[in-house]
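2 protein chains.
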Amino acid sequence: MRVFQIIGYHNSGKTTLVEFLAEELKKRGLKVGYIKHDPKGKGITDKEGSDTHRVKNYTEKTALVSPTQLTVWFMKDFKLKEVLKFFEDCDVVLVEGFKGERGFPKIAVGDLESDTLREEIVLRVKGKDDFYGVLEWILNQI
Amino acid sequence: MRVFQIIGYHNSGKTTLVEFLAEELKKRGLKVGYIKHDPKGKGITDKEGSDTHRVKNYTEKTALVSPTQLTVWFMKDFKLKEVLKFFEDCDVVLVEGFKGERGFPKIAVGDLESDTLREEIVLRVKGKDDFYGVLEWILNQI
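For the record, the sequence lines run as chains A and B. According to my numbering, the first sequence is numbered sequentially starting from 1. According to my numbering, the second sequence is numbered sequentially starting from 1.
Isolated chain A (complex conformation):
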């Protein structure tokens, strides 16, 4: 891993240079990473057409570093089990979707019909009146 820094004043064209370099390095078969400092926390990056969004597509990984959060994009397909490795220090992980995954207790919202999932559904939620019941149930599990 070799690290090169691109520095300059605001609007000096740093990201334009990064975009050029990332595209050319990728063309040559190199695995490119991109880390962008966002000291004001204003970076919008999942918007189509933004410069960072374009650069991201030439990289293996892109990170945006602001004072209150780090965002990392990994440009590949992950399985849920691989994603969970990032969450090992959390007490509770709420997973939304992934109906096809087996082995985790499932809370069904609305009138989901599924014969195959029936045995994994531990609770059914019809509306907001049921929310505190779900919270209590989770708190009893941990």
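Hints were generated in silico from the structure; no laboratory data involved. Computed from a predicted model, the values in this text were never measured in an experiment. Here a beta-carbon is modelled for each residue, glycine too, at the ideal position from N, C-alpha and C. Be aware that one or more of the hints could be misleading.
Stated by the list, open to error - A few chain B residues facing chain A, derived, Cβ under 7 Å: (1) L25; (2) K61; (3) K106.
Stated by the list, open to error - Here are the simulated DSS-like cross-link-like pairs (lysine-lysine), alpha carbons at most 27 Å apart as the crow flies: (4) K85(B) to K79(A); (5) K81(B) to K42(B); (6) K79(A) to K42(B).
Start from chain A and add chain B according to the hints.
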């Protein structure tokens, strides 16, 4: 780490339930993670006011998992050296900004004036005519 899945049809209110649970669990001092499946890759999450954006602020970490990319938000302040650990398998890492960091070769874009950085600046880029020179220089370093 305990994992709970929230499942249901599109627009059934899954994220509304997750937002309620994340806020209440955080209030009780628990470290909450949130992993959302985005099978169509349409999730926009750094937009102020989107539901996922709101949930994120109650979590330690949030992930959005689409078929082509994984996005992970870590809700804390990271140093550049900690961020670089995610990039160890990259050949080249382009770091934009972080003028205060020492020890990495720096490419200055525009007319950046800095006495303290002078000895770390290896190249100066005035415009697009200089881009191929930067590329060649980087390729010679790796």
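Structure-based check of each hint:
no., hint, in the structure
1, L25, "6 Å, holds"
2, K61, "6 Å, holds"
3, K106, "5 Å, holds"
4, K85(B) to K79(A), "21 Å, holds"
5, K81(B) to K42(B), "31 Å, violated"
6, K79(A) to K42(B), "18 Å, holds"
In summary, the structure is inconsistent with hint 5 from the numbered list given earlier, while agreeing with all the others.
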